[in-house]
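**Q** Next come the chains, spelled out residue by residue.
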Amino acid sequence: MDFLSFMPEWLITHGAAVLVIMPLLLGAITAILPSERLAWFVTLFVTVFSTVTAFAILLVIFGGETQLYKMGGWDPPHGIAYVIDGLNAPIIFLICSMALLTTLYGLKSVVAEVEPKKRAPFYAAFMLGMAGLLGMVVTGDAFNVFVFLEVSSISTYVLVAMGASRDRRALAASYNYLILGSIGATFFVIGLGFLYMETGTLNMADIGGILRNLDGGSRVSMVAFGFITVGLGLKLAMFPLHLWLPGAYAHAPTMVTVFLASTATKAALYLMLRFTFTVFDVSFDYVFTVLTFIITGLGCAAMLLGSLSAIFQTDARRTLAYSSIAQVGYMLLGVGMLTAMGLTASYVHVLNHAVIKGALFFALGAFWYRYGITRTEDFAGLGKMMPWTMGAFTLGGLSLIGVPLTAGFISKLQLARAALDRGWEWAVVVIMVSSILAIFYIGRLLLAAYFQSPPEIDGEVVERNEAPLIILIPMWFLALLSIGIGIYYSDFVVQLGQNASDVLLQGDRP
Amino acid sequence: MMDPQMSLALLLIIPMIASALIFLTGRNQNIREAISLTAAFALLANVIYLVRLVAAGERPSLLLAKFAGEFDIEFVLEPLGAIFAAIASSLWILNTLFAIGYMRGNKEKNQTRFFAFVAIAIAGAMGIAASGNLITLFVFYEVLTLSTFPLVTHKGDEKAKRGGTIYALILMGTSLGLLLPAVIGVQAIAGTTDFMVGGVFDSNVNKMAISILLFLFAFGIGKAALMPVHPWLPNAMVAPTPVSALLHAVAVVKAGVFSILKVVTYTFGPALAASSSMSTILAWVAAISIVLASVIAMRQDNLKARLAYSTVSQLSYITFGAMLASGMAIIGGALQIIMHAWGKITLFMCAGAIYTIAHRTNISSFNGLGRTMPWVFGAFLIGALSIIGVPPMGGSWPKFYLMVGALESELAILMGALIVSSVLNVIYLVPIAVRGFMRPPDNPEADAHIAEERKKHPWVIIPPVLTATGAFILFFFAGDMVDFIRPVLPGGLN
Amino acid sequence: MISAVFENYHYSVVIILMMTGLYVVFSSRNLIKKLVGLSVFQTSVFLLYITIGKVAGGQPPILVDDGHGGGHGDGKDHHAEVATNLLAGGEAKVGGAQHSAEVLYSNPLPHVLILTAIVVGVATLAIGLALVVRIREVYGSIEEDVIADLDHRYNLEGTAD
Chain E
1 MDFLSFMPEW LITHGAAVLV IMPLLLGAIT AILPSERLAW FVTLFVTVFS TVTAFAILLV
61 IFGGETQLYK MGGWDPPHGI AYVIDGLNAP IIFLICSMAL LTTLYGLKSV VAEVEPKKRA
121 PFYAAFMLGM AGLLGMVVTG DAFNVFVFLE VSSISTYVLV AMGASRDRRA LAASYNYLIL
181 GSIGATFFVI GLGFLYMETG TLNMADIGGI LRNLDGGSRV SMVAFGFITV GLGLKLAMFP
241 LHLWLPGAYA HAPTMVTVFL ASTATKAALY LMLRFTFTVF DVSFDYVFTV LTFIITGLGC
301 AAMLLGSLSA IFQTDARRTL AYSSIAQVGY MLLGVGMLTA MGLTASYVHV LNHAVIKGAL
361 FFALGAFWYR YGITRTEDFA GLGKMMPWTM GAFTLGGLSL IGVPLTAGFI SKLQLARAAL
421 DRGWEWAVVV IMVSSILAIF YIGRLLLAAY FQSPPEIDGE VVERNEAPLI ILIPMWFLAL
481 LSIGIGIYYS DFVVQLGQNA SDVLLQGDRP
Chain Y
1 MMDPQMSLAL LLIIPMIASA LIFLTGRNQN IREAISLTAA FALLANVIYL VRLVAAGERP
61 SLLLAKFAGE FDIEFVLEPL GAIFAAIASS LWILNTLFAI GYMRGNKEKN QTRFFAFVAI
121 AIAGAMGIAA SGNLITLFVF YEVLTLSTFP LVTHKGDEKA KRGGTIYALI LMGTSLGLLL
181 PAVIGVQAIA GTTDFMVGGV FDSNVNKMAI SILLFLFAFG IGKAALMPVH PWLPNAMVAP
241 TPVSALLHAV AVVKAGVFSI LKVVTYTFGP ALAASSSMST ILAWVAAISI VLASVIAMRQ
301 DNLKARLAYS TVSQLSYITF GAMLASGMAI IGGALQIIMH AWGKITLFMC AGAIYTIAHR
361 TNISSFNGLG RTMPWVFGAF LIGALSIIGV PPMGGSWPKF YLMVGALESE LAILMGALIV
421 SSVLNVIYLV PIAVRGFMRP PDNPEADAHI AEERKKHPWV IIPPVLTATG AFILFFFAGD
481 MVDFIRPVLP GGLN
Chain L
1 MISAVFENYH YSVVIILMMT GLYVVFSSRN LIKKLVGLSV FQTSVFLLYI TIGKVAGGQP
61 PILVDDGHGG GHGDGKDHHA EVATNLLAGG EAKVGGAQHS AEVLYSNPLP HVLILTAIVV
121 GVATLAIGLA LVVRIREVYG SIEEDVIADL DHRYNLEGTA D
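Residue numbers (the working numbering), protein chains in the order written: chain E, 1 to 510; chain Y, 1 to 494; chain L, 1 to 161.
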């Protein structure tokens, strides 16, 4: 708690607003900055500042408080309120810290992947995207969620498209993402419209209170729930609404891929949790049915089919993208259990998966940075060509499989335990089958990297060429963190998950 | 003085530090191997201290980490674990000596990596030995799998890669797919995964659930190589011989059967395990494994492959004892862990010595080799007799206990499997030594320089002679060991 | 049944527009046409929102001057109070605080919301069109089939061209 005494008082009380406004304002300014280096420094400043603030808020929240920040001093439900509690504080910190790590990484990788003229706007879009994600997580107003959702989405379309100078397929991927993302957001806003018709308010807590008084409300709120679930489902790449994801992850600049993979789907999942448990309530018949049967079923389908597709990809990034779809399935399965244990497991996996996938995509980016490698067949000999990067990739890969002493193991342990607690033995089978499929798609890459010799070009074996330090640092930070979570911080992460599930299940308490 | 908790921590710390130092000093062969040996001796001293504590009735424990909510990573040393730790640490010394001779003699590449990963594997084995609950056991089980993977694939060629892939797939697949659900299942049903004398389950627990759990454990612990999850073992034979010695006698397979024994004794409790119908089925599976693997072993010409199938067969003795779950059978299983370790490592080291000195791997080419390498073939014969179970070799005791255990149980018919297997053991092991001593050499001139070669490699000959001696001496200490093991059984079975 | 449809004809219009838009998005293979469909789809939602803000017999939500201008001193608070009441939205019968309880206003909040949504829609459309321009430059086509074909070959061969 010593850390908190260093933080100015106003930063903690206004932290919720500062977190969103800072990147929004400085992002706009960055767009017109003349120098890319300057833009990078501004981004670095914003991300460092946000990370520190978010950490301070996380500590305050961990002490058991809930922060309510009234925008402009208007009281909710009329004014817009920003709420930070045990559910979103860790996600906020996750977004800020991942932004910081990706910015560090970006110093070199953006230079390699984005055209010079576009680099300052790239950072601007990055900050806007970050502001959007933070906004949609921090706000307590349903329509505000939509606005920030679109802020983050639109900047993401731009960011993905910036990958075009490296790989022209980024354009088509970005276009697909735009179409599907807009449809998802529009579905979401239709749902909000219906909710507003039913309750006459947009404050999330207020809607929740009114709906509970109405005992779930009429068919209108039922339809609203359907639209909102589908809309958010598109955003979080819930199977079978995941079609935009592989392309966007595979062809975006690495920095964007990492940021997307470790934050965007997580923020969307947070929204789904918030809407299902706080705005709606699992005691409503329709919510219960949808979660127990549909969300769980789709989650399991994602785990199996996502992992299976991952095995047959020729592009390593697509492999990991499909793996992400499968991992979202794990999270949905935990949500579908509707028990405190299930939610804890799901939330723990949200955090762990962000760390793991971050490390893995960082490593893939480094392979491209040095050798232009993205295809699985080109992995031959990478263990000799880039031992440090491959080392981080190996740690991340083992963690993804769920080997003990890694973060992934904690998630799977929790999830399987929760499934048994719920009496779902079959779910344990699904989890384990999916883990075994993960051995195949990760093992395939690792075997090629370590057991095949480096390729020869013009009769000479390709030489060792390790990634620069500024790329290795964030990568190894995440790789070691995933081991750290597996050994020492597991209890802390699980505690975060339990806090979150406490917040979610509060409604059930008398 | 020594603190029991510190001592438990040292079980992990010594090999881990050794591994790190080996990596750092890799360039200098002598320093690297000196570190390896020093660590091995330090570990043995530490284990001896702990064994004495355990023999005095203490159960030193150490909480390593609060782990994911209701799970803890905790060390509690009890007799079975102490035995496993003692075997692993003592054989680590001999294996290191042998590895130095073998690796130098055959000019293997990446020796630093080899010694470093062996040290990590030992740390994994120590973790398994000292594990105080199932989740800890599982964690170190996987550490062991992963750390031995680079050892199996040491040669790095296509064959090694294939063997390594099968090794990793079977061991990881069974552990993640069957063992982990079983561990979590125990937690869900019993509310704890701690090891307790007499088991953790209530007497009114669902019998069906127990049967399923027992099944998951028996096949989920793939390292025990119960058929049909045994293929990883013969495939792992592509590794250099010191690795095979380590895998087949010390770390990996013993970790597997030790886990099964521990689970039956401490998680289910012998009474509950014996009353489950699944244990009868699994005892049959184990008996079939014993005979079938012996038959397959007979048909192998490659010495290491024959030894591998022999191992599959011998490991099933322990699973068999665990599934009978009577007092005699469990003691027999525990003794078998010790005796087989000493016997089998002798055989593997002899195989390695023959390969290093004479560059031969196939049994059919051993004619007359015993005359030029009398010590090696002598050691081989003693090891083989111990495996077969001929008194006065150490290996005779576990066979005796297991047979009595089988006779006492309702499965007396399965004693037949043990007898058949012993006969088969004689058929596939003894003729190797006989061929070496009795048959005339195929090509006397070629064997002449073997005698020269022999003098260059003392360190591949001395360790198997030492382990063979050990296999013989252990015969006289069986009584002490039985007394040491007895406290693991709940009151009714003593 | 039929009468219900006609009484709620505005919903029918919204639904028809919405389905038309979605159909165009999914059936068309031309990137521009898909964007057109997307815009139609989004516009239908704007209509949905605007129609729910209408209160039968309601006035435009502009404060009726009832002669109580209020002193300069409390003017600010007064306006704040009114605005607060207006934002309450759902309860459409909002009076200018305690002064004129009879006046019936339409609910202005959905309009405000949808203004934001329109801006978002325009931005999305702009980005989409910009992307199509870039795609046309790089791929030489705006037909999805052609692009997918080129990408497929790219995937197989690992190079552009």
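Treat the hints with care, since some could be wrong.
To be verified - Straight-line alpha carbon distances no greater than 20 Å define the calculated DMTMM-like cross-link-like pairs of lysine to aspartate or glutamate that follow:
(1) E/K118 - L/E7
(2) Y/K207 - E/E377
(3) E/K118 - E/D75
(4) E/K108 - E/D167
(5) Y/K159 - Y/E33
(6) Y/K207 - E/D421
(7) Y/K456 - Y/E158
(8) E/K108 - E/E466
(9) E/K384 - Y/E33
(10) Y/K161 - E/E377
(11) Y/K107 - Y/E452
(12) L/K54 - L/E7
(13) E/K384 - Y/D157
(14) Y/K66 - Y/D194
(15) Y/K155 - Y/E108
(16) E/K117 - L/E7
(17) Y/K107 - Y/D157
(18) E/K108 - E/E36
(19) Y/K66 - E/D491
(20) E/K384 - E/E460
(21) Y/K456 - Y/E58
(22) E/K384 - E/E463
(23) E/K384 - Y/E158
(24) Y/K161 - E/D378
As the list claims (entries may be wrong) - Quick list of simulated restraints, FRET-style, between CB atoms:
(25) E/E9 - L/L47: 26 to 34 Å
(26) L/L129 - E/I294: 53 to 61 Å
(27) L/R29 - E/L308: 42 to 50 Å
(28) L/N155 - Y/P431: 33 to 41 Å
(29) L/V119 - E/T339: 52 to 60 Å
(30) Y/E108 - E/I470: 33 to 41 Å
(31) L/Y154 - Y/E108: 41 to 49 Å
(32) E/T292 - L/L129: 39 to 47 Å
(33) Y/T38 - E/V461: 36 to 44 Å
(34) E/T314 - L/G140: 18 to 26 Å
(35) L/K33 - E/L308: 51 to 59 Å
If you are wondering where the hints come from, they were derived from the structure by calculation, not from laboratory data.
Computed from a predicted model, the values in this text were never measured in an experiment.
No residue lacks a Cβ here, since even glycine has one placed at the ideal position from N, Cα and C.
**Q** With reference to the structure, classify each hint as holding or not holding.
**A** The hints, checked one at a time:
1. The suggested pairing of E/K118 with L/E7 is violated, with an alpha-carbon distance near 53 Å, which exceeds 20 Å.
2. A hinted pair counts as satisfied when its Cα atoms are at most 20 Å apart, and Y/K207 with E/E377 does not qualify at roughly 50 Å.
3. For the proposed pair E/K118 and E/D75, the alpha carbon gap of about 42 Å is over 20 Å, so the pair is violated.
4. For the hint pairing E/K108 with E/D167, the CA-to-CA distance comes to about 18 Å; that is within 20 Å, so the pair holds.
5. Between Y/K159 and Y/E33 the alpha-carbon distance is near 28 Å, which puts this suggested pair outside the 20 Å criterion.
6. With a CA separation close to 18 Å, the supplied pair Y/K207 and E/D421 stays within the 20 Å bound.
7. Between Y/K456 and Y/E158 the alpha-carbon distance is near 31 Å, which puts this suggested pair outside the 20 Å criterion.
8. Distance hint between E/K108 and E/E466 is fulfilled; the C-alpha atoms sit about 13 Å from each other, no more than 20 Å.
9. For a cut-off of 20 Å, the pair hint linking E/K384 to Y/E33 is broken: about 25 Å separates their Cα positions.
10. As the CA atoms of Y/K161 and E/E377 are separated by approximately 17 Å, the hinted pair is consistent with the 20 Å bound.
11. At most 20 Å may separate the alpha-carbon atoms for a hinted pair to count; Y/K107 and Y/E452 meet this at roughly 18 Å.
12. Distance check on the hinted pair: L/K54 and L/E7 sit about 14 Å apart at the alpha-carbon level, within 20 Å; holds.
13. Simply put, E/K384 and Y/D157 have alpha-carbon atoms about 15 Å apart, close enough for the 20 Å limit, and the pair holds.
14. For the given pair, Y/K66 sits about 14 Å from Y/D194 by alpha-carbon distance, which is consistent with the 20 Å threshold.
15. Pair hint Y/K155 plus Y/E108 holds up; C-alpha atoms about 8 Å apart against a cutoff of 20 Å.
16. Restraint check: the Cα-Cα separation between E/K117 and L/E7 comes to about 56 Å, which exceeds 20 Å; the hinted pair is violated.
17. For the hint linking Y/K107 to Y/D157, the alpha-carbon distance of about 16 Å falls within 20 Å, and the restraint holds.
18. The hinted pair formed by E/K108 and E/E36 meets the criterion: a straight-line CA distance of about 12 Å does not exceed 20 Å.
19. In summary, the hint linking Y/K66 to E/D491 is supported, as the alpha carbons are separated by about 6 Å, within the 20 Å threshold.
20. This hinted pair checks out: E/K384 and E/E460 have alpha carbons roughly 15 Å apart, not beyond 20 Å.
21. Restraint check for Y/K456 and Y/E58: the C-alpha separation of about 47 Å exceeds 20 Å, so the hint is violated.
22. Taking the CA atoms of E/K384 and E/E463, the gap is about 9 Å. The hint holds against a cut of 20 Å.
23. Restraint check: the Cα-Cα separation between E/K384 and Y/E158 comes to about 17 Å, which is no more than 20 Å; the hinted pair holds.
24. Of the pairs offered as hints, the one joining Y/K161 and E/D378 holds, with about 18 Å between alpha carbons and a cut-off of 20 Å not exceeded.
25. Range check, E/E9 to L/L47: Cβ separation about 47 Å, and the 26 to 34 Å hint is violated.
26. Hint check: L/L129 to E/I294, Cβ distance near 36 Å, so the stated range 53 to 61 Å is violated.
27. In this structure the supplied range 42 to 50 Å is violated for L/R29 paired with E/L308, their Cβ-Cβ distance being about 29 Å.
28. Between L/N155 and Y/P431 the Cβ separation comes to about 59 Å, which falls outside the hinted range of 33 to 41 Å.
29. In this structure the hint that L/V119 and E/T339 lie 52 to 60 Å apart at CB is violated, the actual value being about 42 Å.
30. Between Y/E108 and E/I470 the C-beta distance comes to about 38 Å, which sits within the given range of 33 to 41 Å.
31. Our hint of 41 to 49 Å for L/Y154 and Y/E108 holds, since their Cβ atoms are close to 44 Å apart.
32. Take E/T292 and L/L129: their Cβ atoms lie about 43 Å apart, and the range 39 to 47 Å holds.
33. Evaluation of the 36 to 44 Å hint for Y/T38 and E/V461 yields a pass: the beta carbon distance comes to about 38 Å.
34. A hinted range of 18 to 26 Å for the beta carbons of E/T314 and L/G140 is consistent with their spacing of about 25 Å.
35. Distance hint check for L/K33 and E/L308: the Cβ-Cβ separation is about 34 Å, which falls outside the suggested range of 51 to 59 Å.
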